[in-house]
Amino acid sequence: MMRQITLSLIHISSAMLIAFILGSFVAMLPNLHPMSAHFVDHRLTPFLNSFSGVGWLFIAILWFGINSFTVIFAVTMVLVPFAIINLRTGFLELDTEIIELGDSLTRSKLTNFYKIVMPMLYPYAFATLRISFGVSWKVVLTAELFGGSGGMGYMLNKARQEFETEVIFALITFMIIFVIASELLVFQRIQKILDKRYHVE
Amino acid sequence: MWNNQIRGNNYSSEMLILAACGFWWFIARDLPDFVLPTPFEVLTSLIALLTDSNTVGHVFISMSRVAAAVFIAACVSVLLAVLARSNIFFDTVIENNILVVLNSFPSVGWAILGVIWFSISDGTVVFIEIMIVTPFCLINCLQGFRQMDLELLEMGKSLSRNKFRNFFKLHIPLAVPFIIAGVRMSYGIAWKIAIVAELFGASSGLGWLLQQAQNQSNAQRVLAVCILIVILFSIIDGLVLRPIAKRYSINTMEA
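Sequence lines, in order, name chains A and B. Under the numbering used here, the first sequence has 58 at position 58, and the numbering climbs by one with no breaks. Under the numbering used here, the second sequence has 180 at position 180, and the numbering climbs by one with no breaks.
Because the hints were derived from the structure by calculation, they are not lab data. For clarity, every value in this text was computed on a predicted model and none was experimentally measured. Among the hints, erroneous ones may be present.
What the hints assert, rightly or not - Not everything, but these chain A residues come out facing chain B in the computed CB check (under 8 Å):
| id | residue |
| --- | --- |
| 1 | Val54 |
| 2 | Ile61 |
| 3 | Leu92 |
| 4 | Gly153 |
| 5 | Val167 |
| 6 | Ile172 |
Glycine included, each C-beta is placed from N, C-alpha and C at the ideal position.
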């Protein structure tokens, strides 16, 4: 039981990490090449955003077979549009005056990026993680149920086939408690710290 | 000059799409069909899907289920939001208990429970989709009814004692932008996630077609159904929901 839960957690955290990296890369593209802004905003994001999660899952099963990689791939593809939308907003809302100030203080692009651009993006990065966490819990079960060889979705499927409704309820209850607890204990606290630091009312 | 630049950007993004399709074709050329079919094969499969009288029915079944689920979810959310407004007790219960639990309930959970409770039928699918979609709609509706201009409501009260009249002429129009936003969001979620319902609870619809295709390792059909879903979503969203949202939007809201 504990092993399956850890496996689910590993699936979720790796999908969140990969989606975050991919999302930030895509969100940064328009800043590097202004020509790609239209493509990212009006073609790529709407496409990814309306692509069915089950579709990704089935494609992944055809490509990679039934294993953890399939699960992580499917969850990642569901999370990527959320990451792009959030981080792209972050890049658009950057305070250009502060960046200009940074440019006039140092020529080093790296220093500027780490000391000025990154801190301004923290709230958006955090929002991305928070949304990803909520969505990935919803999706990971489906992915594990069809394409996984372990994890809570796999257990759910076994319980379903043996008509053990009490196990199904137990798993669902555990998940709800886990999600609510991490929301209250982790995310809301960090949000409060961020709000204070960034003077959000 | 500015316009030209924007138009240039449009062209370049269409070119990027073409380039992506070319890249897809280039990779798919040497791979077997069940791994990655070429774009042309997916296109023929898509056309076959839409012209075959057997499969086109599934498209309409899925669409009507999604429409029914989104409509009922919107009605339930508005009702709950009105209830929350009317009484502080309901407000805390709905906000802190119902919404939180619904929001963290896994979608497969509803699918499995729905099938166990109601067996396989159209009603089951719609039930599952409603349960998945409702929290997204509810968040928006609650916000809509909370952010109402209190001065306008006071004015309404001083003009008429009739509560129904106030509700329909004042509360609902003020909340409509938020309700529409909720409906748009639920519509997207319904196509993206709630399709799961059809994998468990039905032997018809696009979700079922998707599963059939996957069982037969028919990658063309899987990709064709996915692209069809993207197209269906964009058509309805662009032609129906977005114009409505624009029509009722407050200036501050992004249409």
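Against the structure, the hints:
Hint on Val54/A holds. Least Cβ distance to chain B is approximately 5 Å, under the 8 Å limit. Taking 8 Å as the C-beta cut-off, the interface hint given for Ile61/A holds, the closest approach to chain B being about 7 Å. Restraint check, Leu92/A versus chain B: the minimum CB separation of about 13 Å is more than 8 Å; hint violated. With a cut of 8 Å, the hint placing Gly153/A at the interface with chain B holds, because the nearest CB-to-CB distance is about 7 Å.
With 8 Å as the threshold, the beta carbon of Val167/A stays out of range of chain B, its nearest partner Cβ sitting at about 11 Å, so the hint is violated. The restraint placing Ile172/A at the interface with chain B holds, with a minimum CB-CB distance near 4 Å, inside the 8 Å limit.
Taken one by one, the earlier hints fail for this structure at numbers 3 and 5, listed in ascending order.
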